[in-house]
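Let chain A serve as the given structure and place chain B on it in line with the hints.
Chains as they are written, first to last, in the working numbering: chain A, 300 to 697; chain B, 4 to 85.
Calculated from the structure, these hints are not laboratory results. Among the hints, a few may not be true.
[Stated by the list, open to error] Among chain B residues calculated to face chain A with C-beta under 7 Å, some are:
hint	residue
1	C5
2	L35
3	A50
4	R51
5	S66
[Stated by the list, open to error] The following residues of chain A were derived to be distant from chain B, with all beta-carbon distances above 12 Å:
hint	residue
6	D405
7	A425
8	A427
9	V441
10	R511
11	R531
12	Y659
13	E675
The beta-carbon is built from N, C-alpha and C at its ideal position, and this holds for glycine as well.
This is what each chain is made of:
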Amino acid sequence: MAENAQNAEGTIAVTVTIAADRIAEVDIGSTRAPAASRILEGRGVTQAVALLPTLFSLCGEAQGIAGLRAAEAALGITVSPATAAARNVLVGTEAIGQILWRLLLDVPTAIGRDPAFDSLRAARAAIARVPRLIFQKSAWTVPGGTALKVNRKGLLALADRIDALIEDEIFGLSGLDGSPLADADRFLFWMAEADTLSARLFRSLGARRLARFGDGPTVPMPALDAAVIGQRLDSDDDGAFRARPEIDGTVYETGPLARHWQAPLIAELRAEFGTGLTTRFAARLIDLVDFAAALRSDIDRLADEDAAAAALTGSGSGTGVVETARGRLFHHVAIADGRVTKYRVLAPTEWNFHGHGPLYHGLCGAPVSNRERLHEGLSLLLMALDPCVSFDLKIAHK
Amino acid sequence: MCLAIPAKVLSLDGMTADVERYGERLTVDLTLLADDVVVGDYVIIQARRFAVERMDAETAAESLRLFDEIIDTLDAADGKPR
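Okay, chain A solo, but in the shape it has when bound (with noise of 0.2 Å):
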């Protein structure tokens, strides 16, 4: 039982193997299974989305609105712009703590600097009591919405916090004429200049040659159609299509680098460093930017308003999309009679650790001067792509 419990969770496994100085094969397998979401199946739909929150731990709010979307989908439902507004907020805020959690805690441990424990764990903290500072009750995951009981003051107060950080933790450079992530000349002089882990962490993939590790063709996800991959979902009994996702044979990448790729710090980037670590982790503090921005303005948008009474008996099939940090998130449900007969889910990670995705890509053909830099720039690109799981790192020799 206790393998099946680590198989429940799931781990990637990526082994590379080395010759003539160059990395000469890649094996990326999953024991990720689809099971989790199978358990739904047969409950009621509200019951079922209700549980989401409780089944994840990375991206429990996203993977409920992500439920709710679909649910609300199928059964036709249109939620208030106030409720959409408020599952923003919950959206952002989670990314928000998943990007610090590796800014501020994976990539000073991968560099050799210490984690800032007490930053993350403050904003962890706040992050966390966001449901209570927008929702009446603590049970939010209701299909059509539930009651809103807003308070703007505690709100704002986390969105100044989270500005304070990034400004302070993340940038640390008074003074720059602009963002340091509005171009390349002003992101290049900000990383040669602040005294941040963040900044740290560009000098030191230049200092260690792995500006551009990881480098090799990727696809950005468009805007595809929520019901094309609903389609494929519901078809989808074998689990196959979860496991190697791909659309016409085009493995996406989705994420940060996808959202910003035409970003015009991430087009001068592409251009120097390709889509190697520099350009990834611009992309994520480009994300953490953003997710921040988002804030404010759904902020704005939230009101006071009682719960929707939405009709939840009947039947239809719907798919429901959320922006996590680590990239899209798809949940498609069928329902007949308020009941869910099919519950699927397509994680990020499945798009970016496929067999033959951006990670095989990045890696395949790639240099290796040394094995400790190769060890580091393979660590440093798992944490870049970010699947939603511990991995296993190997390194051969032929």
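Coordinates of chain B only, in the frame set by chain A:
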């Protein structure tokens, strides 16, 4: 899609704890936990290294019933008896 499987705290040593979930024992870091924990509490673990949330025994029991179902589904798929 990291699952929120509750782990029971078996012992504490400063800012680390030995925990157990479904027979698997792990040593986890408590630095990121907002609440104090005592032996017998349950915690949710992230990245197999950090406890990130304290859970009371009643909520953990409800959650573990769900994970029992998930693991039964996997066992059935593997053809294993429980």
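*Hints the structure fails to honour*: Structure breaks hints 6, 7, 8.
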